[in-house]
Each structure stands twice: as structure tokens, then as C-alpha cells.
Amino acid sequence: EDKVVQSPLSLVVHEGDTVTLNCSYEVTNFRSLLWYKQEKKAPTFLFMLTSSGIEKKSGRLSSILDKKELFSILNITATQTGDSAIYLCAVPSGGTSYGKLTFGQGTILTVHP
Amino acid sequence: EPEVTQTPSHQVTQMGQEVILRCVPISNHLYFYWYRQILGQKVEFLVSFYNNEISEKSEIFDDQFSVERPDGSNFTLKIRSTKLEDSAMYFCASRGGQPVGNSPLHFGNGTRLTVT
Chain A
1 EDKVVQSPLS LVVHEGDTVT LNCSYEVTNF RSLLWYKQEK KAPTFLFMLT SSGIEKKSGR
61 LSSILDKKEL FSILNITATQ TGDSAIYLCA VPSGGTSYGK LTFGQGTILT VHP
Chain B
1 EPEVTQTPSH QVTQMGQEVI LRCVPISNHL YFYWYRQILG QKVEFLVSFY NNEISEKSEI
61 FDDQFSVERP DGSNFTLKIR STKLEDSAMY FCASRGGQPV GNSPLHFGNG TRLTVT
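So the protein sequences, as listed, match chains A and B.
When the letters of the first sequence are read in order and numbered with our numbering, they come out as residues 1 to 113.
When the letters of the second sequence are read in order and numbered with our numbering, they come out as residues 1 to 116.
Treat the hints as calculated values from the structure; they're not laboratory data.
For every residue, glycine included, the Cβ atom is placed at its ideal position computed from N, Cα and C.
Among the clues, some could well be false.
Said to hold, decoys possible - To be clear about the criterion: a stretch of chain A counts as covered by chain B if any three or more of its residues have a C-beta under 8 Å from a C-beta of chain B, and this derived list gives those stretches:
{"hint": "1", "segment": "20 to 29"}
{"hint": "2", "segment": "99 to 108"}
Unchecked claim - Cross-link-like lysine to aspartate or glutamate pairs, in silico, EDC-like; alpha carbons within 16 Å at most:
{"hint": "3", "chain 1": "A", "residue 1": "Lys68", "chain 2": "A", "residue 2": "Glu26"}
{"hint": "4", "chain 1": "B", "residue 1": "Lys78", "chain 2": "B", "residue 2": "Glu3"}
{"hint": "5", "chain 1": "B", "residue 1": "Lys42", "chain 2": "A", "residue 2": "Asp2"}
{"hint": "6", "chain 1": "B", "residue 1": "Lys83", "chain 2": "B", "residue 2": "Asp62"}
{"hint": "7", "chain 1": "B", "residue 1": "Lys42", "chain 2": "B", "residue 2": "Asp86"}
{"hint": "8", "chain 1": "A", "residue 1": "Lys41", "chain 2": "B", "residue 2": "Glu3"}
{"hint": "9", "chain 1": "A", "residue 1": "Lys67", "chain 2": "A", "residue 2": "Glu55"}
{"hint": "10", "chain 1": "B", "residue 1": "Lys42", "chain 2": "A", "residue 2": "Glu39"}
{"hint": "11", "chain 1": "A", "residue 1": "Lys3", "chain 2": "A", "residue 2": "Glu69"}
{"hint": "12", "chain 1": "B", "residue 1": "Lys57", "chain 2": "B", "residue 2": "Asp71"}
{"hint": "13", "chain 1": "A", "residue 1": "Lys3", "chain 2": "B", "residue 2": "Glu3"}
{"hint": "14", "chain 1": "A", "residue 1": "Lys40", "chain 2": "A", "residue 2": "Glu69"}
Modelling step: build the complete structure from the supplied sequences, incorporating the hints.
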């Protein structure tokens, strides 16, 4: 059974801090790893990673994948209160579908002013 | 930016009643999905739908559940006889791309279903 484990489960920081969120996975047929941000409602897409060692970056957020050690990290620099959310990691699992995702339990990030 | 829309945002129903959750996926997407998230738990896959048929479903998606794409824009999830444990946030998602293309899912804002 495919599995995704995220750590820490929750994190409380102050504005300006840098955070690193972790995601480890076990999947039979690895195709990609995705990060989503979930505020009150829909998970919104952040990154899709397919290759080891290539950093993806969007503003203050960046992510990298290590396919040998089966993990990914999501970094957020100079955190802001608007970064407070649940960050979800997911991998496509089963068959050839890219849309059947196995999610981790999420990391709840709280950024205080 | 195009988005997945879901209605209603909140639905309260009595145990044993039928509910239909509605979704309008992004217009040029070909693949449609339902996920659910019980409060405090992981987001879980329910079913995927492509070319007017179910392509994959989870163990959760039993005979009480069905999906339909009644026209060119809507995608619905029906729960025939709701149980208390069906209470959850239900997310619709869609994605474009080829059958083996690696495009991400885009999620709607969800319908919170409360079964009393």
C-alpha cells in the first residue's frame, strides 16, 4: 500500500522565520510528488516534482525531491501570516492514473505576527 | 484563472436520505475526481472518471455512491442512502492532459456534508 508521511504535524513560527516541511513516501510506481496548500477550503496546487535534485521555486516557496531517499522538502522563507495553512504532500498511486493521489496527513503551519 | 466550482458549499441531510453533490470542472479538462476529507483526517480518493465512465474507485466508493456527467459541464456525486459516517468535506477535482500526462489536480472549494 502506498504511503505518505509528513512531519512535523504542526509548526508554530513568527513572521520572518524560515520553515522546512518534510514529506517521505513509499509508492510502488513513482511518477511524481505534489505539494498543495490548504487554507479554509480547497487544496491549491503549489509544486509538482518529478526529478531528483532539481529545485522548484515560486516566490518565497521552494521544494526539492530526493528519489533515492524517498523524500521531499518544502521550504518557506521569510514567512508571513498569510502562509498559515495546512501543507499537503501527495503522490499518484495505483495503475497509470496521475489523478488518484495518496495524501499525507498534512503539516499545520501557524505564523504569528 | 479557471476554477472548479462546487455546489452547495454546505449540505445537511438526515440519515437515509439521498444527496447529490454538484461540480463544474475546468472546461477543457478531461479527467474528473471526487475526494473526501473527514474532519481531522487525510484527504482520501473516492473515484476517477474519464470518457464517461469510472476509471478507478476506492474501497470507500461502494454501491451507495455513484457519479454522473449528465451534460457537458456538470459532474455529480450521488450518495443513495446517507450514513452518519458519510459526514465529511467532499472535494471535486479535475485535470487536463493526456492519458499518461503528468498534470496536477485542481480542486474545488468542497461541499461540507453533515448527516444527522
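Hint check:
Remark: the segment 20 to 29 of chain A is not confirmed as covered by chain B, as 0 of its residues place a Cβ nearer than 8 Å to a Cβ of that chain, below the required three. Taking a C-beta to C-beta cut-off of 8 Å, the segment 99 to 108 of chain A contributes 8 residues in contact with chain B, enough for the three needed, and the coverage statement holds. Restraint check: the Cα-Cα separation between A:Lys68 and A:Glu26 comes to about 11 Å, which is no more than 16 Å; the hinted pair holds. Using a Cα cut-off of 16 Å, the hinted pair B:Lys78 and B:Glu3 is violated, with the two alpha carbons roughly 22 Å apart.
As the CA atoms of B:Lys42 and A:Asp2 are separated by approximately 14 Å, the hinted pair is consistent with the 16 Å bound. For the given pair, B:Lys83 sits about 13 Å from B:Asp62 by alpha-carbon distance, which is consistent with the 16 Å threshold. For the suggested pair B:Lys42 and B:Asp86, the alpha carbons sit about 14 Å apart, so the restraint of at most 16 Å is met. Only pairs whose Cα atoms come within 16 Å are accepted, and A:Lys41 paired with B:Glu3 is accepted, the gap being roughly 13 Å.
The hinted pair formed by A:Lys67 and A:Glu55 meets the criterion: a straight-line CA distance of about 13 Å does not exceed 16 Å. Annotation: proposed proximity of B:Lys42 to A:Glu39 holds, straight-line Cα distance about 14 Å (limit 16 Å). With a CA separation close to 14 Å, the supplied pair A:Lys3 and A:Glu69 stays within the 16 Å bound. With a CA separation close to 21 Å, the supplied pair B:Lys57 and B:Asp71 exceeds the 16 Å bound.
Proposed proximity of A:Lys3 and B:Glu3 is contradicted: the alpha carbons are some 29 Å apart, above 16 Å. For a cut-off of 16 Å, the pair hint linking A:Lys40 to A:Glu69 is broken: about 32 Å separates their Cα positions.
The structure does not agree with the numbered hints 1, 4, 12, 13, 14 stated previously, though it agrees with the rest.
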